[in-house]
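Enquirer: If you want the building blocks of each chain, they are given just below.
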Amino acid sequence: MNKTLRTFLRRPAGIVGLTLLGLVCLVAVLAPLLYPASPWDIAGMPFARPGEDGMVFGSDTLGRDIAAGVVHGARVSLIIGVTSTIAALAIGVTLGAVAGFAGGMTDRVIVRITEIFQTIPNFVLAILLVAILTPTLSTIIFSIGLVSWPPLARLTRSQVQSVAQREFVQAARCQGQSAASVLVRHVLPNAISPIIVTGSLTVAAAILIEAALSFMGLGDPNHMSWGYMIGAGRTVIRQAWWMSVFPGLAILLTVVAINLVGEALNDALNPRISRS
Amino acid sequence: MNRREFSKLLLATGTTGVAAQTGLFGDMVAYAQNGEGGLTAIIQPEPPLLVVALNQQIPVGIIGGKLYESLLSYDFDLSPRPQLAKSWTVSEDGLTYTFELVDNAKWHDGTPFTAADVVFSCDVMLKEVHPRARANFDRCESITAEGDHTVVFKLKEPFAPFLLAFETSSAPIMPKHLYEGTDYRNNPANDTPVGTGPFKLAEWVRGSHIRLEANADYYHEGEPGLTEIFYRVVPDGASRSVAMETGEAQLSQFSDIETFDVQRLADMPHLDLTTKGYEFFSPVLWYEPNLRREPFNDVRFRKAMRLLLDPNFIVERIMFGLAQPATGPIASTTKFYDANVTTYEQDVEKANALLDEMGLAKDADGKRITIHHLVVPFGEMWTRLAEYFRQAMSAGGIEVVLDSTDPGGFAETVSNWDYDTTCNMLYQFGDPALGVARSYISSNIRKGVMFTNTQGYENAEVDTLFAEAAVQTSEEARQERYSKAQQILCDELPVLWMTEQKFATLYDNRIADLIVTATGVNANFAKAHYVK
Amino acid sequence: MRLLRGIVTKLAGIVLAILVIATINFTLVHSAPGDPASVMAGQSGATDEKFLEELRAEYGLDKPFMVQLGTYLKKVVTLDLGYSYRQRRPVNELILDRLGPTLLLTLSAFFLSLIGGVVFGTLAGLRHGKWSDLAISLVALLLYATPVFWLGLMLVLIFSIQLEWLPAFGYVDMRASSFGRLEYAWDVLRHLFLPAITLGAIYMAVYTRLMRASLIEVAAEDHVKTARAKGLGEGAILRGHMLRNAALPVVTFAGLQVGALVGGAVVVETVFSWPGLGRLTFDAVTARDYPVLLGIFLVMSVLVIVVNILTDLLQRLIDPRIAVR
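Protein chains in written order, with my numbering: chain A, 603 to 878; chain B, 1094 to 1625; chain C, 17 to 341.
Just chain A, same shape as in the assembly (with noise of 0.2 Å):
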């Protein structure tokens, strides 16, 4: 593990990515200290120019601050990232393990369903389940969950596969051990380094989805969030660019940060397949 930390801390990507990954779950953590009124708060006059008024990023439409909303933002975009790649891990590493482990028919079932799902456009789907479910928090995440699993399914299960022809499964097999606890003590740990990468990426993923469904205006209404904002404030972007603007380059940051991260995590826990 050391060793991996080390090759981690020595590119120059992962450092990057990790400083800002932590300026941005700072600012989530701080967001009530930085701007304790809720962001929904009208906070002075509307249409106000990034500086004017006493607000850095300006204000919309009915005066609500943009900074405040961004900071806020914030904890949604984390939040509702991490919480659907669980979910989606959740689905996707079962899945995926019991058809490569298996294998022969629940195989063949496992992924035809999973084929079935990549045929149907996620996004789409995903507009779909939010709007029949109502969108709130959980459903939100349920959604993306349920859209972003297949690529983890594959993984997972290509993984175990390979895993599975070692000797050491083969000897622990022979053992006489239950399926289930090979699978899980033996061949899931030798196979999980990929999956926590691409989970990594799986996180990126999901909060531009969230940021796509909230532009859409099927977002939690309780919750501000970056995808809300530049929705709002896309009619009135001939007037009001600001609005627009400072939203989207803090979903460009938080996305650049994941992504960079989940590189460096792939060079440090695959060293096979990186590069230099």
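One thing to keep in mind: the hints can contain errors.
Here are the simulated BS3-like cross-link-like pairs (lysine-lysine), alpha carbons at most 30 Å apart as the crow flies [to be verified]: (1) K79/C - K1220/B; (2) K1199/B - K1220/B; (3) K1396/B - K1595/B; (4) K79/C - K91/C; (5) K1540/B - K79/C; (6) K1199/B - K1269/B; (7) K1249/B - K1179/B; (8) K605/A - K146/C; (9) K90/C - K79/C.
Chain A stretches covered by chain C per the calculated footprint, using a threshold of three residues with CB under 8 Å from any CB of chain C [what the hints assert, rightly or not]: (10) 730–742; (11) 813–824.
From chain B, some residues computed to sit far from chain C (all C-beta separations above 10 Å) [as the list claims (entries may be wrong)]: (12) L1142; (13) T1189; (14) R1299; (15) R1385; (16) L1415; (17) N1433; (18) A1454; (19) E1573.
Please keep in mind that the hints were generated in silico from the structure rather than gathered at the bench. Using N, Cα and C, we set each Cβ at its ideal position, and we do this for glycine too.
Using the hints provided, position chains B and C relative to the given structure of chain A.
Expert: For chains B and C alone, kept in the frame of chain A given last:
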């Protein structure tokens, strides 16, 4: 930044975008000449059909109103004017209405228009397919033709606003020879509308435009004054602004132009703005608590909510001036409005005092209670209204959780009374008996049906007042009862009236006599013409 | 014979997949509260019980779920996607109307991203480690992290509002009906420019990174070293020995991304008011127009399957070895 600077900003940032793309005014002139007396208007959304009898959505009413007509039209003060009826008399007892019809009107297919068409429409077809017409004509004991050009409506009991029932989208007269004995909704004639109006359907390219052409056989000499009307479907708000700006479109109505963009366009040299022509509709917007639930059943709570809200905020920041604060259930442009009622100025302290008095104590976070608010899913204005409601309530320690839904879920939830608070806006149709009473009388508490007394308000006295006022024939007697009803309602606050909505009609200022009635853009445009 | 059987199996699989998708979607859509009748009634401004019942009976919404599903699947098999309550038109027609603009947009974006990705990826890969590689990689990294709708808005802000070069919204000018054929095509192209770039940019970033990595890997392979040892020019080596092999994984990956591309089109069409399937989807979701929604899902899924087959062919074209296998 003050208001003036703000509109300057709008002007500066807004106008630059499109000028270069389309060559602002040069093209505009070329385009209008293209029509030679024609008008290009915006329509949004595209109507599913044009038969007003079968569908009363706004776009259907706008285009259908040029094709179909009813017996009357209405002045800005809502007094009746001739249309398919050239004159009318009302008996002393208020029970018999006799209409003399124009005798030279023809349907678009050439068949003469007669009293039989009116009887068929009002007594048979509309009662079957048109909920609002059904309510009006069910009051009739009989509807009969006397000869080809006289129709007599006999009422079971007097109904004062009966003359307001003959507006085109309330009672469109349909051709008997095409509809009698058919399955109305699936009649092939629905795709090729045949009316008596000054314009005929010429072409409909779905997703693009609907073209109407002048009806050469129209029964008024020299009308219509326009040769054709092009209705362009423009789904995007920003594109609609651009179209008006460049002259690609010459008329926009209702909410076509985003509220914050209206003034900028109105200031352009080739456009005029009017907010007249919506008197018949005069929508009033309110926040609606579900009175079946606690704490909304306590009038003190409703008063506290009202005191936390400021209609001026909504007028200025959400409607950008296209509204005015409402004082009560009846809009100031509707008949029998009375300003002499209890009014409420925003007063957070007083609101908190009321809530304290109710025993709703604040917890450590300053929160007294959590309520849910169902967000109306019809666009940004409604979202902003919900967001404002939440912020305003928080000043009184009332935490509001917003629930969002889609139009299907919204209608379902509200009509089945499964909400705490929501927002609503209803047309008044010119008379309290037509568009106001329905929201407050207990007989109109009907589960599963939208636009009824969904909040569940019950007050026997109010019921009586509305019932009596509807059947009184003297204006004074009606006014007396409506004034009393308005006073009671404003004291009891069954809903929290916020604003009287105004709509902006923007039009090319070379066109005259375009908006001449209380139904404005929904009227038939027979008199509209270019100024020579 | 084996080839034929392979094709038949594949087709059967596709049909099965489509039916399963249709069933899943039908179930999902029907589990939503509220039905199209209440939406329509709500929009018409006045309702009563009779009106609602009439609407429900007219559209068969009062029948049991399984009966509705059965009727639907039977129709799907005969390529009849049903009738839209709201728009009063057959779903087939509605979708066909919108398919053109969506195909134009997604295919432009697809090829733009693929070609751009290969070109920039090659440039970066060849100058591996130099500043131009760094610049390309950095831009790709940023683009990859940009929300597609935001990128669209920023392009509008710059190219339409500030520079006034390109139209911000729509498919063609409102006056297009009076245009000549060439003028019309030019106008569509001008309108297509920003949406296609918006939709293509992110994938271009992905393919650039992929192409770069792939090229670097291929460059280290023995046959390239041999070619170099034989004294072939760099250009010839690139064309003859590297490009094909390096592009292969990019094409494979691009094929897998088509589903996501179509999803992205929904957002891009919203930003640019592009009159395609994406906007139709969103309108149908909010209006509860079940038949349209289901129809779009099917068509999009078929589209994805077709493009997958196409990329399969493209792969064979690039790498003849696959055909032998």
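Enquirer: Taking the hints in turn, state whether each one holds.
Expert: Here's how the hints hold up against the structure:
1. K79/C - K1220/B: 26 Å, holds
2. K1199/B - K1220/B: Holds. K1199/B to K1220/B sits at ~24 Å (cutoff 30 Å).
3. K1396/B - K1595/B: 26 Å, holds
4. K79/C - K91/C: 16 Å, holds
5. K1540/B - K79/C: This hinted pair holds, its Cα atoms lying about 22 Å apart.
6. K1199/B - K1269/B: Holds. K1199/B to K1269/B sits at ~12 Å (cutoff 30 Å).
7. K1249/B - K1179/B: 25 Å, holds
8. K605/A - K146/C: 29 Å, holds
9. K90/C - K79/C: Holds, at roughly 16 Å.
10. 730–742: Per the Cβ count (4), the hint holds.
11. 813–824: It holds: at least three residues are needed, and the stretch 813–824 of chain A offers 4 whose Cβ sits within less than 8 Å of chain C.
12. L1142: Label violated. Min Cβ-Cβ 6 Å, cutoff 10 Å.
13. T1189: Correct as stated: the minimum Cβ-Cβ distance to chain C is 27 Å, above 10 Å.
14. R1299: Since the minimum Cβ distance to chain C is about 7 Å, R1299/B lies within 10 Å and the statement is violated.
15. R1385: 20 Å, holds
16. L1415: 20 Å, holds
17. N1433: 31 Å, holds
18. A1454: 36 Å, holds
19. E1573: 29 Å, holds
Hint compliance for this structure: hints 12, 14 are not met, and every other hint is.
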